[in-house]
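With the working numbering, the residue at position 62 of the sequence shown is 63, and numbering never jumps.
The calculated lysine to aspartate or glutamate pairs, modelled on EDC-like cross-linking and capped at a C-alpha distance of 16 Å, are:
id : residue 1 : residue 2
1  : Lys265    : Glu105
2  : Lys115    : Glu103
3  : Lys265    : Glu103
4  : Lys349    : Glu114
5  : Lys360    : Glu38
6  : Lys115    : Glu105
7  : Lys33     : Asp358
8  : Lys349    : Glu38
9  : Lys349    : Asp111
10 : Lys414    : Glu114
11 : Lys360    : Asp39
With beta-carbon atoms standing in for the labels, derived distance ranges:
id : residue 1 : residue 2 : range
12 : Leu28     : Gly355    : 23 to 33 Å
13 : Leu283    : Lys33     : 29 to 39 Å
14 : Pro313    : Pro220    : 26 to 36 Å
15 : Cys194    : Ala17     : 12 to 22 Å
16 : Lys33     : Val370    : 20 to 30 Å
17 : Ile18     : Val370    : 23 to 33 Å
18 : Phe225    : Gly355    : 51 to 61 Å
19 : Asn353    : Thr445    : 42 to 52 Å
Don't read these hints as lab results, they were simulated from the structure. Just so you know, these numbers come straight off a predicted model, no measurement behind them. Built from N, CA and C at the ideal position, the CB exists for glycine as well.
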Amino acid sequence: MSVSTSGTILVLVSTAIVMCIGFGIALYFQRKTVTAEDWAIGGRRLPSYVIVFTQFATLVGGGVLVGHVSIGYSFGLAPLAYGICGAAGCFIMAIIAAWLRENEFTTIPDILEKVYGKNRFLMLVGAVMAMVVPFGWIASQATAFAKLYQSITGIDMNILIVAVTIICVIFTIPSGFNAVAWTDFVFGVIMLCLCALTGFLALDMGGGWGNILANHPDPSVLSFPSGLLAAGIPTTALWFIAATPGMMTNQMTFQRVCAANSAKNARRTLIVGGILIASIELWVVVIGNACRAVNPELAPEMATGWFLTQIPTWAVALFSGFIATTIISTTDSALQSVSVNLTQDIYKQFINPGADDRKLLSVSRICTVAVAVLAVAMAIAFPQVLNLIVASYAYSASGLLVPIYCGYAFRNKNILTPASGIAGMVGGVAGCAFAQFAPKMGITMPGGLPYAIYGILASLVCLVVVGAVSKKSK
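Kindly generate the complete structure, drawing on both the sequences and the hints.
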């Protein structure tokens, strides 16, 4: 159901204001983006408060607005478990944050090269693995935006997918990471304010939390702590195996750690960011369960869109700005991250090693457009937001968790070689894919564990075995 014509106009005006703010920030920092490092990592001089909010705004995107609210609608308190899994990834990553910042890495392949040694194929595989989560996020965020705005405006989803992606390209191209980080800071503050407002409206719509409990079709899913597992132990385990390692291997998170102005602040921002990421799930629980109590017949992924039709027009206009800030913050971050991989780890390493800053800046912007075109095609072909995010996390964790964190733990030992790093990544992805599709081939995997964990175990075995065989040649 769409809002009135006057409401639609207010929505578009609110969204346009948000776009103008973002574009103004991008143009301002264009003057300060002189080198390829400025575009890729913001010159490594961003203050801690900017890093905290760019972590928060990047990691809280359309998946939360659509996918997590659908979890809350279906399974009560279960989104809190998802948030705890994501926060745990940030807290664990904080252990190596100072090392990451001190070594001035830019991308995940830089980390792999430091640990395993220089090897072109290692860099190539690492670059491909680093792009899995950000690229999946671009497509999923565009889909989430389209689903929500279609509920508000009635505009065709495919048109909305194309439109939001173009806007994110315009934000990203002028100044890269500087534009992304500072717009995230501004948008992140706006997001927190609007979460408080819309959470209050949702409680009012449901008649207060007590009334939501009384009218909920399945109040058992709102019992604490049992409601945390309301989605089922296997599904919750999949979130833990996918979201926690996925957060620990997300290149967008690494970039923000390495962009901090000091090693101490790099660690601190992960801890504070993790707390904010877990806290946002309280908003998700309120929105999802208020919708379930009032209208239990909805398709879960349409809950947020339906909520927008139940609140005053002025609130819809503000919420539309919330949607725009949330999704654009994640999408432009992912676009910029993938473009950095293509430019620094593919173009500079394999195509034009002698490229100067001017050339690299030009290539970065071209890559941004190319990635956006591919992501639009993927978003139209695969419109299931949450499934896309979970799958990208699972494969990223399978291919990168062991090579990065075991690499860090044994970085001073003579057991890590380029071959072992490659084996860890390739073996992890292969193991994850086999475990995911084995049931469709009539094969029962032992233990009935989430498919990501088989990938992580395969990665560990491959890394250790190949490392033992090849360590003499290191």
